[in-house]
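Engineer: As given, the protein sequences belong to chains A and B, one line each in that order.
Quick note on numbering that gives the first Met the number 0: the first sequence kicks off at 0 and runs consecutively.
Quick note on numbering that gives the first Met the number 0: the second sequence kicks off at 0 and runs consecutively.
No lab work stands behind these hints, which were simulated from the structure alone.
Note that the coordinates shown come from a computational prediction; the quantities given were computed from them, not determined experimentally.
Errors might be hidden in some of the hints.
[Said to hold, decoys possible] When the alpha-carbon atoms are kept at most 20 Å apart in a straight line, the in silico EDC-like pairs for lysine to aspartate or glutamate are as follows:
#  : chain 1 : residue 1 : chain 2 : residue 2
1  : B       : Lys98     : B       : Asp134
2  : B       : Lys236    : A       : Asp382
3  : B       : Lys236    : A       : Asp392
4  : B       : Lys251    : A       : Asp382
5  : B       : Lys252    : A       : Asp211
6  : A       : Lys421    : A       : Asp405
7  : B       : Lys178    : B       : Asp105
8  : A       : Lys421    : A       : Asp392
9  : B       : Lys236    : A       : Asp211
10 : B       : Lys251    : A       : Glu208
11 : B       : Lys252    : A       : Glu208
12 : B       : Lys236    : B       : Glu208
13 : A       : Lys448    : A       : Asp392
14 : A       : Lys169    : A       : Glu19
[Said to hold, decoys possible] Just some of the chain A residues that point at chain B, by a computed CB distance under 8 Å:
#  : residue
15 : Asp77
16 : Thr152
17 : Gly210
18 : Thr214
19 : Leu252
No residue lacks a Cβ here, since even glycine has one placed at the ideal position from N, Cα and C.
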Amino acid sequence: MNGFPLTVPAGYEVGGWTVERPLGAGAFGSVYAARRTGGHCGGGGGGGGDLPARAALKFLPTGTHTPRQLRHLRDLADREVDLLRRLRSPRLIRLYETLTVDDPAHPELDGATVLVLEEAERPLQSLLSGAAPPSAGPALLVQICEGLHQLHTAGWVHGDLKPGNVLLMKDGTVRLGDFSTASELEGTHAYAAGFATPDYTPPELLWSEVGDRGTRIRPSADVWAFGVLAHTVLTGASPLPGGTPTARRDAALRYARGEEELRLSPGLPDVWRGIVADCLSRTHEERAAHDATTVLRRVREAAAGRMPRRRRPGRRLVPLLAASLAGLTAAGLGLYALGDRQDGTDVATGYERCAPGYVCFFSETGGQGRMCDWENDDREWFDGDTVCDWARDEGPRSVFNNGTADPRGLVHVALFAAKDLKDDLGCVRQGGRRDLALRLPIASHTWSKTCEESVAL
Amino acid sequence: MYSIIVVPAPAAASGSQVRLAPGERLHFGRAAPRTATARHTAATPHTAGAPRHLAIPHPGVSRTAGEIGATASYWTLSNFSATSTYVVENPEGAGEHIKIAPGRLDAPVPFEFSRVVLPAGGDLLDFSVWAPRHDYLERAHPACACASTSTSACVCVCAGDGGGDGEPTTLAFPLDRTKRYFLVLAALCESRLRGAPHAPLPTVDRIVERLRPLWPAVNRASVQWNIDYLAVKLRLKPGPDTADAGPRLNGKKETLVSLALRFDLVHEDDLVTLTALPAPAPLTEAR
């Protein structure tokens, strides 16, 4: 393995950890798998708490005897330690402790900073080298976006979000890692570390002006990077045309200058197109409307197979999520797990796909198969905003009315066999979910205050 | 988001520079073509389609002499003349130049600095073109050793993930260590790199003295020019507009040095490039 900033031999001991094998090299440090072999006698201390049996040790060449005394490496190490010491949340890689190598016999290692981190299985990058996009892509994107949301809510910008910095854990969950480029917001801006990955850099930061403290960066830069990452995960290709990073950078500049339109891959599923396009808005100003909170809500909907859509006037959307985010801002990241929805790596298949506030119809019994869902009334199922094609020939086999409280009491759903709410078929009460006895040819529905269930239903 | 800068001959006020973004074109000649906008449109916002115009008011120059096309890292030159060959010189290239024959369209020019020479009757007219967005291969960390000895351009960014780990994270300030601007930057940073973090910055005269053994033709103007160019190359935010050049230049020097030190654009080892000269202190090889 060439290109390791620091080479650490197997069996090397530092602060109660024994190095086993190299895992990979980040941009600025080398990462090794290690097992815990000694008591707690760390040189630096740090995160403390319960130490696991295994960890990933990230060696940053900050020592006085390393080949070069590079102060930007010190800065990058400080950024990472600073962030990880202060933030602990479910989607960010966990820091257990920090150590400083004290080993005059190895001058190249002496003084190096060692971050003792949660051991990951592999980077997301490794999942993208296959021929087909990973099937777990949407579920992974939800978690990546959660990580971004946690960072932004805590007032940090990642600055280098890309597949190489997203880590997959043994249990299939995702963590954001490598925060050496992260910076804390001061008002609306943070100051970037001066390092970035061109393929994931928004156009306004390519060749941006440099002030006394470096380049200014805003959270919208991470949103752009998320758009590139989502497109790459879902289609296997960058959203910008070109065979090299330079060609893609030039394409990004032409796009930003309004000379070219964004041409997303035809392979990008419909439910994701709007999200990716908004994340890749041309300018910071246009992109600012799509902050991590908004994007996360839409990404969750898209991953559940729902087309994100506008709110229906009169009915409120998913108050649950909004409330949990408000709580988060107020009480810090510690509370986040309470409001966080459980999201494994599997895309949901059953009734649970149906979001609060929606009425959902399924092509199979038990909430299986394809799903059409509505938050609003629809006077014509096979035309207009939402088209439920599969229900045209054979009606749905199961239904779930996941309606939530509504100021006007519109919580039940009345079904009709013809468009424009004609030929009443009966109704599904709030919370009702079951198989339909007959394949009813449903063609329109409306939310209703009252409900008289019919025999057919 | 400009990538190419055209500097008209008297190269005076920075306001007369024309900045081109990738994809933009600049027509030059004695008169603007009908579609072109007025001369020196540097301050006016870009309007797609219509090429901008650089007037070269000399009777020996064609009305439509040629056109410059900007890309991100290089530029192209079209020679609309029926008879004149244009020459593009690399002023730092020891006589290196390319010839653009009459009628040649979109010939790519690879130099970071160029002087475009147009024959006009008995005169030779020229203007300059800068391409500050050249990219350089980023070396992995161990290869950072190249800084002190190699003659090739090298950015020591220590991007260790050049392998299969996806796109590397790179430093946003690529510099060519063989260019004179790098010598000037090294001379500017020298005292602070040698362990006097609060040393006052050297004056332009002091830099001239320091560099003369290595660069015999150096003078105040060329050092000044390189400082101005570094500010463009490193994209320094322009300071408040003042007519008084003195303090403003000092601010520019300070910003350059603090940026260079913050991001290790110049290392202690780079001072070796200055040691062909009688160094103020003997330098010991760190490695």
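Engineer: Would you pick out the hints that fail for this structure and give their numbers low to high?
Structural biologist: Of the numbered hints, 1, 2, 3, 4, 6, 7, 12, 13, 15 and 16 do not hold.
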